[in-house]
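Enquirer: Listed here are the chains, written in short residue letters.
Number of protein chains: 4
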Amino acid sequence: MTYSTEKLSEEKVFKDPVHRYVHVRDRVIWDLVGTKEFQRLRRIKQLGTTFLTFHGAEHSRFTHSLGVYEIVRRMIDDVFDGRPEWDHDDRLLTLCAALLHDLGHGPFSHAFEKVFDFDHEDFTRAIILGDTEVNKVLQHVGSDFPEKVAEVIAKTSPKKLVVSMISSQIDADRMDYLQRDAYFTGVSYGQFDMERILRVMRPREEQVVIKKSGMHAVEDYIMSRYQMYWQVYFHPVSRSAEVILTKILHRAKQLFKEHYLFKYEPLHFFSFFRENVTLEDYLKLDEAVIMYYFQIWQEEADPILSDLCRRFVNRNLFKYAEFDPAKEYKKMAELNALFIQAGIDPDYYLVVDSSSDLPYDFYRPGEEEERLPIHLLMKSGELREFSRESEIVDAISGKRRTDHKLYYPADFLADETTAGEIKKQIRSLLE
Amino acid sequence: MTYSTEKLSEEKVFKDPVHRYVHVRDRVIWDLVGTKEFQRLRRIKQLGTTFLTFHGAEHSRFTHSLGVYEIVRRMIDDVFDGRPEWDHDDRLLTLCAALLHDLGHGPFSHAFEKVFDFDHEDFTRAIILGDTEVNKVLQHVGSDFPEKVAEVIAKTSPKKLVVSMISSQIDADRMDYLQRDAYFTGVSYGQFDMERILRVMRPREEQVVIKKSGMHAVEDYIMSRYQMYWQVYFHPVSRSAEVILTKILHRAKQLFKEHYLFKYEPLHFFSFFRENVTLEDYLKLDEAVIMYYFQIWQEEADPILSDLCRRFVNRNLFKYAEFDPAKEYKKMAELNALFIQAGIDPDYYLVVDSSSDLPYDFYRPGEEEERLPIHLLMKSGELREFSRESEIVDAISGKRRTDHKLYYPADFLADETTAGEIKKQIRSLLE
Amino acid sequence: MTYSTEKLSEEKVFKDPVHRYVHVRDRVIWDLVGTKEFQRLRRIKQLGTTFLTFHGAEHSRFTHSLGVYEIVRRMIDDVFDGRPEWDHDDRLLTLCAALLHDLGHGPFSHAFEKVFDFDHEDFTRAIILGDTEVNKVLQHVGSDFPEKVAEVIAKTSPKKLVVSMISSQIDADRMDYLQRDAYFTGVSYGQFDMERILRVMRPREEQVVIKKSGMHAVEDYIMSRYQMYWQVYFHPVSRSAEVILTKILHRAKQLFKEHYLFKYEPLHFFSFFRENVTLEDYLKLDEAVIMYYFQIWQEEADPILSDLCRRFVNRNLFKYAEFDPAKEYKKMAELNALFIQAGIDPDYYLVVDSSSDLPYDFYRPGEEEERLPIHLLMKSGELREFSRESEIVDAISGKRRTDHKLYYPADFLADETTAGEIKKQIRSLLE
Amino acid sequence: MTYSTEKLSEEKVFKDPVHRYVHVRDRVIWDLVGTKEFQRLRRIKQLGTTFLTFHGAEHSRFTHSLGVYEIVRRMIDDVFDGRPEWDHDDRLLTLCAALLHDLGHGPFSHAFEKVFDFDHEDFTRAIILGDTEVNKVLQHVGSDFPEKVAEVIAKTSPKKLVVSMISSQIDADRMDYLQRDAYFTGVSYGQFDMERILRVMRPREEQVVIKKSGMHAVEDYIMSRYQMYWQVYFHPVSRSAEVILTKILHRAKQLFKEHYLFKYEPLHFFSFFRENVTLEDYLKLDEAVIMYYFQIWQEEADPILSDLCRRFVNRNLFKYAEFDPAKEYKKMAELNALFIQAGIDPDYYLVVDSSSDLPYDFYRPGEEEERLPIHLLMKSGELREFSRESEIVDAISGKRRTDHKLYYPADFLADETTAGEIKKQIRSLLE
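Protein chains in written order, with the UniProt record's numbering: chain A, 1 to 431; chain B, 1 to 431; chain C, 1 to 431; chain D, 1 to 431.
Hints may contain errors.
Pairs involving identical chains hold if they fit within one copy or between any two copies, as the list cannot separate such chains.
[Unchecked claim] Calculated lysine-lysine pairs in the DSS-like style (CA-CA distance at most 30 Å, straight line):
id, residue 1, residue 2
1, K160, K379
2, K379, K284
3, K405, K114
4, K211, K7
5, K211, K327
6, K36, K284
7, K257, K284
8, K253, K36
9, K212, K12
10, K45, K12
11, K319, K330
12, K405, K45
13, K284, K211
14, K7, K424
15, K319, K253
Keep in mind that the hints were calculated from the coordinates and are not lab data.
When you get a sec, could you build the whole thing from the sequences and use the hints?
Expert: Okay, here's the thing in structure tokens:
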């Protein structure tokens, strides 16, 4: 028996609140879970700052990664196995890609990538191909195996079916995170009948397709996704925390550029400030490290940095107002000027944040690869694009929804000991 | 309207996966939740190292504290309110004590308290009475209010009924954590019918009692607790992580005593090493800070400290064997000697850990205050100790169960490049 | 204390799997539940023939009626009570109307009403106003109280707010049945966040309105309803059973008209056959009685009646094919002729059944009273029709969806011992 | 391919609220479900009169039978398959026995068997071996197959392992009904971690055994069972309904013996009254038929029969008092005499009912076959009787618990228009 087909002497399970149990029989999977790069995902929250709005959302990317693996394992072992369109030799590749698909995520990825201009997907690739424990395990399977796994995750693999199992409009990734995020936040919106969807999935050369009889279950899944986006992922309070987080990173980077003397040297941040991050530096960064710095930065001399850190650590967030950039740009300029007059730096304290997207632009065939439409498999064997069959999905298909909000520190504006008159003006503009 | 009776203009809710919603109408409660000392509980896991065994157990003491508050609120508002035995004036006191009962917990409390010899309950008291945001809010209610809250939490309050709602054999604390820990780990054992138990609770001068008709629901709760202890809280894998954690702290303290030169100065630890911790120091310590140190200590020169930290961070835990101290003390001495011969320091790498306790010693009336028995309220109005009515509880009442395990690094012992013969001997003794 | 305000000495509860507990404090409600007319609802399934498709759907209208009562009770006691727009004097009226709203339902109402041309709502009114135990209880409250309750149920009451709590696009009736039917069938579609919806409901003079912040929860509810209709209520297999049931009743009525000599005199049916049903006759009819007749009719000499009854009792249902009446009327005529040639009476064995409706035509303001739109209560106090705010609901609003199917006995057509050639033709037309 | 190994072209599923889906691939199973004898189980409630206490308990033996089949299927396909101790040739036999194990149950079996002195297990055997659709399907597998299936159900089969999967202290039957009855009643007690128990089950020659690591999950299951018995199955209100039901049957039988002239001839009952029931008669009897008679018997001239029927149909049950037969036999004689004086026939209106049993006498090895102890499979391969390892189960093992209650018509006794003085005496004795 080679390493790639080696089974554990006894199946191992992880107790999982979403899937009851995650089952592992393959030695390779077991070894991957044990690597320090994979264990690192325990120290990165799946939903970043959302726990400040939904207090249950403290779950990590580790749990989500196991979940995606388990869904893919069930697809293969319970549904695809034995069907002529499914190549059994792709099994291990698919399981590994599922398990490792988020491996390159760092703490609060979104904000970090924006401020320090990098892409976590490059780090996923770097971890899989670099000098890491994960790479060693994958190498053990075959010298080109790391590259193959990386290609599936990067969606550049020629194995389109395998790619679609992990990254498509109805993939294991989304099916896990919707259910998991719903479970941990406690909202009911993320529930859909995954058992049913798995049962109606069929492998085809280009992608996973859905038997027509499962159409309603998929409609329900799409609606769940829509609701989760607007109810949870884009919740204005989480976005407020995200805004502050981003501004902390901006401020620290700015201070570094200006040769500000930090009370505690931010060693872990230097390569980020220089936008020259090595894999080793990157792997050292997790949420514990970030939170450590945010805590000690509360004591920094720079008033903006210390204030923003205090806000983030103690959940003293910005308030928000509806904002329409198309109509209200004049008001924005006015506010900007007033903030400066009031001595509150608008670069850090008057922030427009926009959520827009994907979840509402469900089915626009032919744009980027990930936007490939879901196909229904009709009784005749024909494939039909989903929105042609589903009136509900057709109705919402291609409609982009955008929401803009203006974030500001209500407590500063309420403090009338200085610039009272100007602050009053600001407040009346904001209401 | 005074501050103590002030209501929010509109009820606020927290979405909670266990209780659906946590409801807040009282201004005082809302203000307490917003304090930085309470927000700090977000950075301390409810179950310490258990997430290394049950990966879902990443929830914080913040969520649990809100849960205990909510249960007490429902007891009062839905069941006790209007009954002659319940003094409405105790409402706010009880809610505050429920919310704040775990306020003094630090990161991985158990290990920290053992190694650095302090009691988190003293810090709970210190936070409530000291110069803190929490104290300011409580002072606002009344100058003696902080002291009253502290007394309820310390179980020294003359208001025995109020104390029993938060600390007794069937209190809001336990009812929340059993359900919450079950929910986040995904095990089914922690479930019981809390709705029913709340409905049959009745206030009496000395304590909360249970209507006889609710006896079976309470039996089920007691069994849940028993199962949770042995299945989750005392799980040998979590204990392995706990053993390593404790040894890290021991080692660091020892190195400090020996004037070891740390590569990174452990500023946050100094006052702990000196066993002279101020409230300010204490509040700075949370799990992010601990994990930060454990990560950088992986690079320390001391091989024991760096090895143990690597183990904890990357979840490379000790294995365990059953151990009976009464019968196997000789074997233990032998193992100790062999470890030394093999160059593995037994003080850090050969550890006996014992779990024993309370959960099995359910109903021993008349020992410490917390061990007060549950009383059933009979139809006649008479009170009867629970185990006199319940055959099941009687059967297990007062039986202490203890479990000892021996923890060791299996990987070290498997490495036969050095001291191969001795390690072989050790392994055969351990099996 | 008068009867109308009399409370039970201790609250009674019914254990309910959907709402956990149904709480009763009011003597009037307790007495109504005990009447034989209300107990009769135990012998009428909530979902008629659906249990033949979803085997868990064996729950009765009794359980649903308690559920609607409980939801209304929570609306009033937990949300409306104390608000100026809510008249506390309407409480008992609303609770009684909620509890009794389905009182006139008979077994398999839909089919019975169609074949014997009556309306169960007339019987609801008759039971409330007639010589019944229910009437006695209501009379005890006040001599005009039965009439008031009947008016609310009939939607003719001037108390529009009360009516809307029980009959509107988002009422207690629908909220209970969606959740209950989902629970008992085991499908996940019927779930939505009722806790949230209750919390955002506000009484207004004309109707219950929804605070804007609850919009997404209501969207989710509307989608649940849509899914339940097409996935459960209009499931083609249940409709097949419904078709057979209807044809049994037709056949029995026809035989009666033709003075057919029944082996067992169908005493309970006589007044239905004559379309001259008294209240007393009506109340004697429940599903047990119907099933009794269907069983003994299996032994009747008339081959159509006995065959259809055997099919229904033993779940040997008709198969179905898609059918488009607009395009396929010629094919239908052809099939009709062929059935006659094959000796299979098309009046009973070739049936078009159409489902269409309401669930998809969600929000057409201004049609029948029940179709009144849901109104959102904006922060400004203004009311806005729901679909103007919700893009999703707007997208599906007013779109009627209809589905036609053709039902036939596949087993008859497969039996080629007679008319083999003709049956082959029929089969090829049907495929 | 022979019939016994024939697979459906596509797997069929039944939506089930307890197991999510019941999966059928085997043609034989599919055909058995379609027989009229199996469909008949839809017309027999799983919990008899319990729905009068827990209104959700309206589920049928049909749903339970499918559930037991599904659990056994999962045991075999997910856990036993491929293990040397499991004979793959026993698969179909086990599945059929699981599906059909309750086939001979009639309506309200317990009461019927007591009054008319028969055993439903004889009818199970008769249906399997007699001239039935079920027999035809089984014959199709092999001429001795019906006999083999009957033997497994009767526990006389030499295949002890197979028997133990369906009838033992931890079998598929109990695992389904505990979960199912908990689900439909809505109580939380019946929940346990079946996934875990299935995973630790191992086939051995004599019986299914449990891996030591699953001990706690089995403890939890045993406690669930204990709770379900005393909380649900022996609920005094259900027992009251059961008492009345039994008395109706007694009365009808007695009247028949006395040549009473029934207004409506009870054709379906004649062979029962004569205690000479044929299979054909038996199969005609279901709950619809029983309820039909109970309804028409409300109009019988015999005051006892009509009164008892009215009570049952309209849920006007007897009240109960605690009763200790050992101490209170004198009081019982006194009450008997007073009832006669008051003109209330004590044979029908003063009834002692006792619940005692099995659930509490959990583990008495060596009595009847069904009482065989559960065995734990130790790491060493040794088997140990469960209660030797589990302190909790040891504590309750072998302890019989009995509960006696005295049932009587409180309404009769409250009516003081006749025999007022005597009734007062009775009431004071009963309180």
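Enquirer: Okay, which hints does this one fail, numbers in order?
Expert: 2, 13
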